[in-house]
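**Student:** Here are the chains, one letter per residue:
There are 2 protein chains.
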Amino acid sequence: MKGTLYGIGVGPGDPELLTMKAHRILTGAKVVAYPAPDSGESFAHSIVAQFLNADQIEIPIIVPMRVERFPAKSVYDQAASEIASHLDSGADVVVLCEGDPFFYGSFMYLFERLAGDYPCEVVPGISSLMASSAVLGRPLAARNDVLTIVPAPSDDETIETALTQADALAFIKVGRHLERVAGLINRAGLTGQAAYLERVTLDNQKIMPLSAVDEGAAPYFSIILVYKGAEDWIAALPIDGLAQ
Amino acid sequence: MKGTLYGIGVGPGDPELLTMKAHRILTGAKVVAYPAPDSGESFAHSIVAQFLNADQIEIPIIVPMRVERFPAKSVYDQAASEIASHLDSGADVVVLCEGDPFFYGSFMYLFERLAGDYPCEVVPGISSLMASSAVLGRPLAARNDVLTIVPAPSDDETIETALTQADALAFIKVGRHLERVAGLINRAGLTGQAAYLERVTLDNQKIMPLSAVDEGAAPYFSIILVYKGAEDWIAALPIDGLAQ
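Here the protein sequences line up with chains A and B, keeping their order.
With full-length UniProt numbering, the residue at position 206 of the first sequence is 206, and numbering never jumps.
With full-length UniProt numbering, the residue at position 157 of the second sequence is 157, and numbering never jumps.
The set of hints was computed from the structure by calculation and includes no laboratory data.
Heads up, the beta-carbon is just placed ideally off N, CA and C, and yes, glycines get one too.
Among the hints, a few may not be true.
[To be verified] Chain B is faced by these chain A residues, among others (derived, beta-carbon under 10 Å):
1. A22
2. L147
3. V150
4. T201
[As the list claims (entries may be wrong)] Each computed DSSO-like pair below joins lysine-lysine, with the alpha-carbon atoms no more than 30 Å apart:
5. A:K2 / A:K73
6. B:K228 / A:K228
7. A:K73 / B:K228
8. A:K2 / B:K206
9. B:K2 / A:K206
Working from the sequences, and respecting the hints, build out all of it.
**Tutor:** In structure tokens, the structure reads:
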């Protein structure tokens, strides 16, 4: 019998934000695969390190970090082939996914290669977006707000339209687009209504008004939230970005 | 010393989708409050019933179900006052929240009444939106998709604009707005690219093409997802709505 492929969301950073289901499947799996940079630690692996055991086979999927984190076809082909060999032998394989597997994640590249041939299950996770509103102490969206989620690499026109239309906006994958996105928010007159967040739920999380950010780039997983009409509340955030 | 108010997300329905943190805080709290209808079972309470113990004090917050689930001021005033008396005595109080507490949830009504006077922490949860993509086996959004989340009670113009602009849309709180929203999706030529979901992750979940839905109303927590360009994939969903 073939093994099952599980894509499990490991959440935004705090290991305790794994779901009980993800924890059960992770600790019972023979093989654990995860995205990893060329050098340094895998973020997804670091989140669940305390739950892993020495008998598990680990498969780091090394995605070269370029200017963009693009889907590197040959990397995923190779990883899918290695995972398939374990599934063929009857072993379950867990793929660790930062946040939620199917919310702008890279798990789709493995899923599309393997789901046709093997049983596959996705276990949803806490996205950093949901965690952002928790650490900010303010709803991401409420009542009948229209919430638009915009990947920061989007072109200027897309971003300008979204800034005009939505009641609340979340820019994800801010990274090297910080300066450009901040400029567009400023031109829309919304800087005073924008909060900047990085590494939420981790010890070194940063939360501050966008106006207090003085760097041109940010970590890949940083977020800008725009709350129309929230000037007073944004202004009350600590400008040093330290946790509240 | 005052107790702490916790708003914890209990997820979309499957009890195992609680986070480990939510589980720890829930099982350690003396007092557990939760939204409940005038008659019948509280959905949030039913999700975590197996984790509760007989020594915990329970506070049902009975929000009358009218045409809309509106914030009933006196109900929340009364609940906040009852919760405050427990916090004053030093007991921690957990408020159960369907999905995520700060993603279109009602926890904000208690938070705004109590967070100024008591320590308060929000534990994020799996929203039914994230769970929808997991049960569908398809990313909610990918790469640089702009994703717009539209509460179904929004007016026609807001919905029409969103249907034009976004790459992917999620209509939440569909309920009695099903027929109107389905009509607007049809006028935009997007019916063949829309999926309908209700009670995701529960045994009686339903997933089907929007075109196969023949009722005018839906449960409050139902969802319509529109994926532009996904005709073939939507057409392959089972039209009887049974779990895949």
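**Student:** Does each hint hold? Answer for all of them.
**Tutor:** Hints and how they fare:
no. : hint            : verdict
1   : A22             : holds (9 Å)
2   : L147            : holds (4 Å)
3   : V150            : holds (5 Å)
4   : T201            : holds (8 Å)
5   : A:K2 / A:K73    : holds (25 Å)
6   : B:K228 / A:K228 : holds (28 Å)
7   : A:K73 / B:K228  : holds (24 Å)
8   : A:K2 / B:K206   : holds (27 Å)
9   : B:K2 / A:K206   : holds (27 Å)
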